[in-house]
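K.L.:
Residue-level listing of the chains:
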Amino acid sequence: MLIRTPKDWELPESVVTPESAYELRPRRDFIKTLGLGLAGAALGGNNILAATAGFPSKENPAYPASALKPTAYEHIISYNNFYEFGTDKAEPKDQAKKWKPEPWTVELAGLVRNPAKIEVNDLINKLGGIEQRVYRMRCVEAWSMVIPWDGFQLSKLVALADPKPEAKFLKMTTLLDPKNMPGQRERSLDWPYVEGLHIDEANHELAFIATGIYGKPIPNQNGAPLRLVVPWKYGFKGVKSIVKFEFVAEQPLNTWHVMQSREYGFLANVNPMVDHPRWSQASERIIGAGGVLGARQKTLMFNGYEKQVAPLYQGVDLRKYF
Amino acid sequence: MPVLEKLLRSKVVIWILIVLPGLWPVWPIFIQHDSTVLADPLKYILHHLGFTACVLLAVVLTFTPLRVLFPKSPVALALNRHRRLVGVSAFAYAALHFSTHVLYEGGLESLQATLKIAAGKPFQLVGLIALTILLILALTSFPAAIRWLGGKRWKNLHRLVYVAAALSAYHQAAARKIFPQQVLWIFGPLIVLEVLRVMKERKARRPVARPPAASAA
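Protein chains in written order, with the working numbering: chain A, 16 to 337; chain B, 3 to 219.
Hints are not guaranteed to be accurate.
[Said to hold, decoys possible] In silico DSSO-like links for lysine-lysine, alpha-carbon gap of 27 Å or less: (1) B:Lys-118 with A:Lys-313; (2) A:Lys-113 with A:Lys-194; (3) B:Lys-45 with A:Lys-84; (4) B:Lys-202 with A:Lys-313.
[Said to hold, decoys possible] Some, not all, of what chain A presents toward chain B, calculated at C-beta under 8 Å: (5) Ala-105; (6) Trp-158; (7) Arg-293; (8) Ile-302.
Derived by calculation from the structure, the hints in this document are not laboratory data. No residue lacks a Cβ here, since even glycine has one placed at the ideal position from N, Cα and C.
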């Protein structure tokens with residue numbers, strides 16, 4: 016009983032960044048944060064949507080905090096790519112401060128037997144609550160974090176929608192609200208933000224919808240209240256503030272691919288062998304590590320989740336379909 | 003205006019204006035403890051040094067057109083006293099920017115890999131070419147070099163600075179995932195001034211070339 020066989024998608028300590036490179040967040044603090052979240056829910060009384068606070072999450076032992084050294088909370092919530100709130104990393108934190116992502120209704124649509132418009136808290140209740148998983152996160156800009164997410168496995172939502180056999184892809188769309196999302200008043204990207212997964216990817220056990228970080232409700236700048244997390248893909252696949260899950264027959268056109276098809280593909284799997292046309296993807300900066308000079312580590316195939324997801328792409332030319 | 007002119011004539015003032023931007027990162031990193039900057043401080047320094055190099059390069063290139071357009075302005079004349087200093091400082095920032103890039107990519111031990119990557123990526127290669135041009139110009143910026151090359155050859159060589167500026171603008175524009183607006187306000191005014199300067203210089207030349215129609219009639 017003392018000898019635990021690690022699940023095959025757990026990363027061995029040897030591939031994890033050395034402890035010294037990280038600002039360590041002791042497990043105790045971690046639990047304390049979670050406690051604060053719960054207390055906040057009890058005191059606040061507002062209907063924090065999809066809030067971790069409202070749905071105390073249990074750490075999924077399969078994706079433990081101890082296996083990876085999480086990035087400090089303040090970096091996770093202040094180094095954001097969320098162009099709806101500005102194109103600089105610091106902007107989303109400030110510009111999304113006043114935004115109220117509530118009430119929030121999610122649409123399950125397209126080729127499904129169970130189309131629905133459902134309030135986000137009801138949705139989470141229906142899916143059986145939330146759990147906690149610690150995932151690596153690798154941005155296409157060659158930096159990485161380790162984030163303790165709260166949320167639910169995407170496959171549960173797929174099962175709830177009950178797609179018809181002709182549904183081959185899942186298209187996810189961010190809220191379109193130029194009045195409250197200042198970035199959408201500029202033409203930096205083609206709004207609203209759209210991302211997609213093949214249905215097999217959506218059903219993979221690693222595909223996750225986040226509702227919280229570090230046991231707290233997911234901050235606006237990180238994509239409140241629902242945000243996709245697919246840790247073996249580049250961060251831009253992680254569409255934020257999702258309002259619509261649509262099951263479709265054709266591969267959806269994802270926003271960054273529309274923007275610059277030579278540089279961003281649909282699959283967007285983390286791959287150290289295939290460079291971005293402007294920079295190398297062979298290694299990555301580790302956010303919040305190493306002091307002023309920082310730290311760098313080698314990028315792993317599928318961001319370290321090769322064993323779990325490689326079977327999805329057997330026979331696929333990953334150089335061509337980057 | 004005399005105060006501004008007096009200030010701009012002073013080498014000390016120009017030195018301060020050149021050095022201060024280089025010290026700027028101390029503020030968010032060590033004093034403000036900005037958590038966005040601290041996520042990857044070296045990246046902030048890297049971008050900041052490149053940004054400063056672009057600004058100084060664009061600024062020094064406005065000196066000549068300003069003098070042509072406003073030949074009597076004491077400010078324009080004051081600025082033109084510092085062309086070499088500001089030009090060399092643009093190179094210095096570009097060189098610091100490149101050194102930071104080498105450090106950012108893993109330091110001297112991965113220098114070879116860093117250069118190999120740079121050679122294969124137009125975005126990075128263009129930056130390297132611009133830096134090389136600025137290096138050559140900095141090395142030949144001394145009076146002895148002008149004498150050695152001869153005035154005309156020296157001038158032609160130093161016209162390469164316009165190539166360096168164009169390459170730097172491209173390099174800066176390509177440094178982000180989407181087009182950064184700052185490129186426009188750094189290099190835009192320079193383009194406007196250069197267009198006005200060329201127009202003025204052509205106009206000044208034209209009456210000489212044309213036969214005086216009035217006297218013929």
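K.L.:
With reference to the structure, classify each hint as holding or not holding.
P.N.:
Comparing the hints with the structure gives:
For the given pair, Lys-118 (chain B) sits about 17 Å from Lys-313 (chain A) by alpha-carbon distance, which is consistent with the 27 Å threshold. The hinted pair formed by Lys-113 (chain A) and Lys-194 (chain A) meets the criterion: a straight-line CA distance of about 12 Å does not exceed 27 Å. Among the hinted pairs, Lys-45 (chain B) with Lys-84 (chain A) is consistent with the structure: their alpha-carbon atoms are about 22 Å apart, no more than 27 Å. Between Lys-202 (chain B) and Lys-313 (chain A) the alpha-carbon distance is near 56 Å, which puts this suggested pair outside the 27 Å criterion.
Because the beta carbon of Ala-105 (chain A) sits about 4 Å from the nearest beta carbon in chain B, less than 8 Å, this interface hint is met. At a threshold of 8 Å, the smallest CB-CB gap from Trp-158 (chain A) to chain B is about 6 Å, leaving the interface hint in force. Satisfaction of the interface hint for Arg-293 (chain A) is found here, the shortest Cβ-Cβ separation to chain B being roughly 4 Å, below the 8 Å cut-off. About 5 Å separates the beta-carbon of Ile-302 (chain A) from the nearest beta-carbon of chain B, less than 8 Å, and the hint is met.
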